[in-house]
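Order-wise, the sequence lines are chains A and B. Sequence positions in the first sequence follow this note's numbering and run 1 to 435. Sequence positions in the second sequence follow this note's numbering and run 1 to 435.
Read the hints as simulated data drawn from the structure, not as lab findings. Glycine included, each C-beta is placed from N, C-alpha and C at the ideal position. Hints are not guaranteed to be accurate.
Unchecked claim - Reference listing, derived: stretches of chain A covered by chain B, where coverage requires no fewer than 3 residues with Cβ under 8 Å from a Cβ of chain B:
#: 1; stretch: 4–10
#: 2; stretch: 22–36
#: 3; stretch: 87–97
#: 4; stretch: 250–257
#: 5; stretch: 316–330
#: 6; stretch: 416–427
There are 2 protein chains.
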Amino acid sequence: MAQKPSIPKGTRDFGQLEMARRNYIFDTIKGVFALYGFQQIETPSMENIGTLMGKYGEEGDKLLFRIQNSGEKAALAPEKGLRYDLTVPFARYVVQHREELSFPFKRFQIQPVWRADRPQKGRYREFYQCDVDVIGSDSLLGELELIQIVEEVYRRLGIRVCLHINNRKILAGIAEVIGAPEMIVDITVAIDKLDKIGIDAVNAELKERGLNDEQIAALQPILNLSGTTAGKLTALKTILANSEIGLKGVEEMEEIFRLLDIVHCTLNIELDLCLARGLNYYTGAIFEVKALDAQIGSITGGGRYDNLTGIFGLPGVSGVGISFGADRIYDVLTELDLFPKELQSTTQVLFATFGQDELHYALRWAKELRAKNIAVEVYPEPTKMKKQMGYADDKKIPYVAIVGGNEMETHTVMLKNMTTGEQKQVTLDELWPIL
Amino acid sequence: MAQKPSIPKGTRDFGQLEMARRNYIFDTIKGVFALYGFQQIETPSMENIGTLMGKYGEEGDKLLFRIQNSGEKAALAPEKGLRYDLTVPFARYVVQHREELSFPFKRFQIQPVWRADRPQKGRYREFYQCDVDVIGSDSLLGELELIQIVEEVYRRLGIRVCLHINNRKILAGIAEVIGAPEMIVDITVAIDKLDKIGIDAVNAELKERGLNDEQIAALQPILNLSGTTAGKLTALKTILANSEIGLKGVEEMEEIFRLLDIVHCTLNIELDLCLARGLNYYTGAIFEVKALDAQIGSITGGGRYDNLTGIFGLPGVSGVGISFGADRIYDVLTELDLFPKELQSTTQVLFATFGQDELHYALRWAKELRAKNIAVEVYPEPTKMKKQMGYADDKKIPYVAIVGGNEMETHTVMLKNMTTGEQKQVTLDELWPIL
Chain A
1 MAQKPSIPKG TRDFGQLEMA RRNYIFDTIK GVFALYGFQQ IETPSMENIG TLMGKYGEEG
61 DKLLFRIQNS GEKAALAPEK GLRYDLTVPF ARYVVQHREE LSFPFKRFQI QPVWRADRPQ
121 KGRYREFYQC DVDVIGSDSL LGELELIQIV EEVYRRLGIR VCLHINNRKI LAGIAEVIGA
181 PEMIVDITVA IDKLDKIGID AVNAELKERG LNDEQIAALQ PILNLSGTTA GKLTALKTIL
241 ANSEIGLKGV EEMEEIFRLL DIVHCTLNIE LDLCLARGLN YYTGAIFEVK ALDAQIGSIT
301 GGGRYDNLTG IFGLPGVSGV GISFGADRIY DVLTELDLFP KELQSTTQVL FATFGQDELH
361 YALRWAKELR AKNIAVEVYP EPTKMKKQMG YADDKKIPYV AIVGGNEMET HTVMLKNMTT
421 GEQKQVTLDE LWPIL
Chain B
1 MAQKPSIPKG TRDFGQLEMA RRNYIFDTIK GVFALYGFQQ IETPSMENIG TLMGKYGEEG
61 DKLLFRIQNS GEKAALAPEK GLRYDLTVPF ARYVVQHREE LSFPFKRFQI QPVWRADRPQ
121 KGRYREFYQC DVDVIGSDSL LGELELIQIV EEVYRRLGIR VCLHINNRKI LAGIAEVIGA
181 PEMIVDITVA IDKLDKIGID AVNAELKERG LNDEQIAALQ PILNLSGTTA GKLTALKTIL
241 ANSEIGLKGV EEMEEIFRLL DIVHCTLNIE LDLCLARGLN YYTGAIFEVK ALDAQIGSIT
301 GGGRYDNLTG IFGLPGVSGV GISFGADRIY DVLTELDLFP KELQSTTQVL FATFGQDELH
361 YALRWAKELR AKNIAVEVYP EPTKMKKQMG YADDKKIPYV AIVGGNEMET HTVMLKNMTT
421 GEQKQVTLDE LWPIL
C-alpha cells in the first residue's frame with residue numbers, strides 16, 4: 001500500500017469528538033453573544049494584499065500567506081493574502097459597508113485565520129478566532145457588556161477565571177509623570193512581558209530602550225501598587241495628578257467599576273497596572289482573562305480602540321472588543337475534565353438486527369423515533385451481532401435495540417443499556433421516553 | 001477620504017441578515033444529519049499540493065489556488081493549495097485516519113472551498129459546500145437514508161422538490177447493449193447535458209464522440225422511456241437482458257424503491273435515465289434534487305462510489321454521499337420568500353432611556369431578562385429618543401422599553417410594540433412573558 005497521505009505542517013484535522021467539543025465552546029459563546037444583541041458576520045478568507053500589508057508590523061507581513069491562482073505565472077506578484085486575524089477584515093468591513101450599518105454596530109465573527117509561523121506545540125498555521133466588538137460608540141457600556149459576557153461565558157463553561165483590567169490612558173499618564181511621555185510604546189511593550197520574564201528583565205529592557213535609572217525607579221512603586229481596586233485608584237489619582245490623560249483613564253476605570261456594581265457583577269476582576277497588551281491600537285480599557293485552575297496564559301483578551309478604521313480612511317470611530325481563544329479554552333476544558341459527557345455521542349440508539357425482515361422492521365421504528373427528534377442509527381446489514389454491538393461501543397451509543405423473530409412477533413425490541421448491560425423487552429411506546 | 005476598501009473578485013462579505021439566513025439553512029440540515037447519526041468533521045483549508053493535483057482533471061488543476069508563505073522566494077514552487085472541494089479531503093481523511101474510525105463511517109462536513117474560476121453571477125471563488133457521506137458499507141440503506149434526509153431537509157425548509165435518480169450501472173448496461181461499452185464515459189458526459197442543450201445537440205455530440213447512427217438510434221427509445229418507475233424498470237430488464245452490469249443496476253434500483261416503500265417515503269422521486277452526473281467516480285445510484293417552484297438547476301446531488309479512497313492507496317471501499325448546494329438553496333428560499341421572518345432580528349427588546357439614572361435602571365432590568373434567556377439591548381447613551389428608536393427600527397427589534405422618571409418611580413417601563421405602535425406600561429413580571 002502507498003504511503004499514508006498527510007496534511008501540511010501546523011494544520012489539523014478535527015474528528016467527530018473534537019468537532020463536538022469545539023461546537024460546544026462556540027455554541028456556548030454564541031448563545032451569550034446573542035443575549036446582548038451581537039450578530040454574526042463573515043468575511044472572505046482572502047483579502048486584497050493591500051488590505052493586509054503593513055497592518056501587523058514588519059514581522060506580521062512576513063507571516064502572511066499569499067495566494068496565487070494556478071493559472072498565473074509564478075513571476076506575477078500574488079495580489080491576495082489569507083486573513084491573518086479578524087480585526088483588520090472587520091475594520092475593512094465597517095468602512096466598506098458603513099452606509100448599510102446601524103451604529104453602534106455590534107458584531108461577532110468566528111472564522112479561521114492563517115499565519116506562516118513556525119509550527120510548535122499550541123501554535124498552528126490555521127486556527128479559529130472568535131471576536132466580539134461594538135463599534136461606533138465611546139460609551140463605557142461597551143466595556144461593561146463585554147465583561148458581563150466574559151462572566152456568563154465562563155460561568156456556562158464552568159471555568160473559574162480572573163479578569164485583569166487596565167487602561168492605556170493610565171499607562172500614558174504614568175509615562176508622562178515619570179517624564180517619558182514619548183516612550184509610552186516602549187514602556188508598554190516592556191511591562192507587557194512582566195508575567196513571562198519578571199521585573200528584573202523588564203527593568204533591564206526599559207533601560208535598554210532608553211529610560212534612565214530615575215525614571216525606572218519612579219515606575220516601580222506604581223507597578224507594585226497593591227490593595228483593593230478603590231485603593232489603587234485613589235493612589236493613582238495622587239500619582240497622576242499632573243497628567244490629564246492619566247486622570248481620564250482613572251475616571252474611566254471608576255465608571256466601569258461603578259457600572260459593574262450596578263449590575264452586581266460577581267466576576268473576579270483585578271485592576272492590574274502591569275497589564276499592557278502589546279497591540280498599539282488600544283487607547284482605553286484593556287482586558288485579559290486567565291483561568292484560575294490551569295496554567296495556560298490568557299484565554300480571552302481585548303480592549304478599547306479609538307481609530308481602528310482610520311487605516312482605511314474613516315478616522316475617529318471608537319470601539320471596544322475582545323477575542324476568545326478557542327484552542328486554549330479547549331485545552332482548559334480538557335485539562336479540568338469539564339466537557340459534558342453527552343458530547344461523546346449524538347446517536348441515542350442503534351438498531352441491531354438478525355435478518356432482512358428484522359432490518360425492515362427496524363427501519364420503520366427508526367422513522368417513528370426520528371419523528372420524535374431522537375437520533376437513531378440502523379446498522380446497515382444484519383451481520384454478526386458482535387460486529388453490530390462493536391459499532392455501538394466504538395461510537396459510544398448508549399442504547400442498542402436488538403431485533404430478532406421473537407421481537408417482531410411481539411411488536412417489541414430487546415433494549416440493551418450499553419453502560420449497565422441491562423436488557424429488557426420494550427414496545428415502541430415504552431422505548432422513546434427512555435431515550 | 002481615501003478610496004473605499006474592497007474585497008477580491010468572486011468573494012463575499014456576509015452581513016448579519018445573510019448570516020442568520022445561512023445559519024438557518026445549515027442548522028436545519030445539521031439537525032436532520034444528526035437524527036441519522038452523521039457526525040461533523042473538519043479538514044484544513046490547505047492540503048499538500050500533491051493531495052489535490054490530478055484529482056479534478058486538467059481543468060481542475062488550473063483552478064487550484066496555490067499558497068506561498070510570504071517569507072518564501074517566489075521561485076520556490078508553492079507546496080500547498082486551498083481545498084477545491086470536500087470530497088478529496090474526505091477521501092484523504094478516511095485513508096489517513098482509518099485505524100481510528102469505526103466503519104461504516106457516517107460524516108458530514110460544512111466548510112468553504114476555493115476555485116480560481118472566472119467569477120460570474122452565482123459563481124464564486126469562495127463558497128461553502130455541505131457534504132454528507134457514509135463510507136465503508138455497500139448496503140443500499142446508505143442510499144435510503146440519504147433520500148430520507150433529502151425528504152426531511154426540504155420538508156423542514158418548505159421547498160417542494162423532485163429527486164431524480166438513476167444508476168451508473170444501468171448507463172453502463174445501456175452502453176453495452178448498444179454495442180459501445182468502451183464509450184460509457186462519452187455517453188454519460190453527453191447525455192448529462194440533455195437538460196441544458198436538448199436532445200438534438202446531445203445526439204450531435206454523441207456522433208462527434210464516435211457513436212454511429214445505429215447506436216444513437218438504439219439509444220433514443222431508452223432515453224425516452226416514460227411511465228411509472230415500475231414500468232420503466234420492467235422495460236429495462238428486457239432491454240438490458242444481455243448485460244450483467246445493467247441488470248445489476250436495475251436490481252439495485254428495485255431494492256432502493258422497495259426500501260423507500262417500507263419507510264413510506266412520500267418524496268417526489270423520478271427514475272430519470274437521462275441523469276448521468278459528469279463525475280466519473282460514481283459507480284451505482286446517482287441523485288439530483290430540483291426545486292419544483294424555482295428555475296435554478298440542481299440544489300442537491302450525489303451518488304454511490306466504489307473506489308474514492310483508491311487514489312490514496314486504499315482500494316475497494318464503497319460509499320455513498322450527497323452535497324447540498326447552500327448558495328442555491330439560499331436563492332430558492334429568497335425567491336419563494338420562505339425564510340422565517342424572525343431571522344431579521346435576534347434582539348427581542350431594546351431599552352431606550354431619558355438619562356443616566358434611567359440607563360442604570362435599564363441595565364438592571366436587562367440583566368434580569370437575560371437570565372431568562374431573552375436577548376436584550378440597552379442603547380448605550382441616553383441620547384435623543386428619536387435616535388434610539390431609529391436604532392431599533394434599523395435592527396428590526398420588535399419591542400422598545402422606554403424608561404423615564406415616571407417609569408422608575410412606578411417600577412415599570414413603557415413598552416412599545418414596534419410593529420403595531422401600541423404602548424403600555426408594564427412591570428418586569430408582566431414584561432418577560434410578552435417577549
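Evaluation of the provided hints:
With 5 residues having a beta carbon nearer than 8 Å to a beta carbon of chain B, the stretch 4–10 of chain A meets the requirement of three or more and the stated coverage holds. For a cut-off of 8 Å, the count of residues in the stretch 22–36 of chain A with a CB near a CB of chain B stands at 4, and the three-residue condition holds. Note: the stretch 87–97 of chain A has 5 residues with beta-carbon separation from chain B under 8 Å; the three-residue rule is met and the coverage holds. Counting residues of the stretch 250–257 of chain A whose CB lies closer than 8 Å to any CB of chain B gives 0, so the stated coverage by that chain is violated, three being the minimum.
Coverage of the stretch 316–330 of chain A by chain B is violated [criterion: at least 3 residues with CB-CB distance below 8 Å; count 0]. Under the rule that three or more residues need a Cβ within less than 8 Å of chain B, the assignment of the stretch 416–427 of chain A is violated, with 0 such residues.
When the structure is compared with the earlier hints, violations turn up for hints 4, 5 and 6 and for no others.
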